[in-house]
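Novice: These protein sequence lines are chains D and B, in that order.
For what it's worth, my numbering labels the leading residue of the first sequence as 1, then goes sequentially.
For what it's worth, my numbering labels the leading residue of the second sequence as 1, then goes sequentially.
Incorrect hints may appear among the rest.
[As the list claims (entries may be wrong)] Calculated lysine to aspartate or glutamate pairs in the DMTMM-like style (CA-CA distance at most 20 Å, straight line): (1) D:Lys-195 to B:Glu-165; (2) B:Lys-168 to D:Glu-18; (3) D:Lys-99 to B:Glu-125; (4) D:Lys-39 to D:Glu-119; (5) B:Lys-33 to B:Glu-125.
[Said to hold, decoys possible] In silico contact screen, one side only, chain D against chain B (beta carbon under 8 Å); selected entries: (6) Thr-84; (7) Pro-179; (8) Val-190; (9) Asn-194.
Hints listed in this document are in silico derivations from the structure and should not be mistaken for laboratory results.
Every value quoted in this text rests on a predicted model; they were computed, and no experiment measured them.
Each residue gets a CB set at the ideal place from its N, CA and C atoms; glycine is no exception.
Single-letter residue listing:
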Amino acid sequence: MAEKKKPFSVLMNGLIKENPTFRLLLGMCPSLAVTTMAKNGLGMGAAATFVLVGSNLVISLIRKIVPDKVRIPAYITVIATFTTIVQLLLAAFLPELNKQLGIYIPLIVVNCIIFARAEMFAQKNGPLLSVLDGLGMGAGFTLAITIIGSVREILGAGTWMGIPVTVDLFEPAIMFILPPGGFLAMGFLVALFNKLTDKKDKDPECETGCGMGCPGCSKAANGGEA
Amino acid sequence: MKELFAILIGAILVENFVLSKFLGICPFLGVSKKTSTALGMSGAVVFVLVMSQAVTWLANEYLLKPNSLEYLQTITFILVIAALVQFVETVLKKLIPSLYKALGVYLPLITTNCAVLGSALIFVERDYTFIEAVVFGFAAGLGFTLALILFSGIRERLETADIPEAFKGMPITLVAASLVSITFIGFAGLIIG
């Protein structure tokens, strides 16, 4: 089934059709935790994209030499390496963003999106397609969490990317930059996404995909069926 | 003693891992459909958290710090946690089969639970001592348990509720989680400093 994949459709796949955040509901922790501001969402998305592209590339290059039994630790090491690179780069060049994102940068290691793509895509496809998949998925993730960040920042602080936008229109509701606002904004955005893409959320396949998103992928992560 | 108590209460209520730090959201949303599975998962998380806090603290103090290899923390921690989970699984299977039966299916899922790696990173950030780190892990696990069990009760009710089409499934669950999270904001003033 993975024979004739068009590079372009692989790239676009992650943006809408299999948007990792809104559709697959993977990587929820950073999507909720760092999205108090649009800028943080963008930064987090860029960092995760870097790790995703890098680990997809390396994993697809080594997929034939790593024995199946030890592939999980091998993948974890690859992903952790790229996460450390991002962490050090951010600390050196963007210390402010690094401080804002805090422990959620090292936590990219356990972001299910990256592991899921390694298992589902990179280990079955060549380097070029894997990089494109990483780019597409990363862009989808970045897009999604920047949207969540924008909604929360505009409603909660009245600014967007730090620029005041609502001036006197309404009093910002601080709740949106607090944790409950994260859940609420995410809930409504997923509902909106479902409505717009016209997918019935009640079909059984999606039910498992949503509810069991991460546990499902970590089950695969531990040597079960991919 | 006072500090330990503050850490305990702090991690359970004030900075509840799931509801205010957003760590461990995936299992929180994934296994909270039934109270029984929520209990099993929570048990496994508490168990692994306490052990992983101890092991990662020792690794950090005696392996990384003396060799000034702190930049390898992320890699070391995740590998230590993965190995530990595997080890615990094997040991339980051999020695305490009844406990393995209760927790077994949840154990493999814990490696990728960000609460475990997260609490290891937090003790580094806050410079906790060994005891403090372990107590923090225990408390974080209890906080996770509390949130998961409270929420599973709500989700069991949601099953029978009449929900708009687009909100069915995850969206309404997130909205419900938001309401639970609001109640935990009430604890914010509980600890000063």
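Novice: Taking the hints in turn, state whether each one holds.
Specialist: Outcome of the hint check:
| no. | hint | in the structure |
| --- | --- | --- |
| 1 | D:Lys-195 to B:Glu-165 | holds (8 Å) |
| 2 | B:Lys-168 to D:Glu-18 | holds (19 Å) |
| 3 | D:Lys-99 to B:Glu-125 | holds (12 Å) |
| 4 | D:Lys-39 to D:Glu-119 | violated (30 Å) |
| 5 | B:Lys-33 to B:Glu-125 | violated (34 Å) |
| 6 | Thr-84 | holds (5 Å) |
| 7 | Pro-179 | holds (5 Å) |
| 8 | Val-190 | holds (5 Å) |
| 9 | Asn-194 | holds (5 Å) |
Comparing the model with each earlier hint shows violations of hints 4, 5; every other hint is respected.
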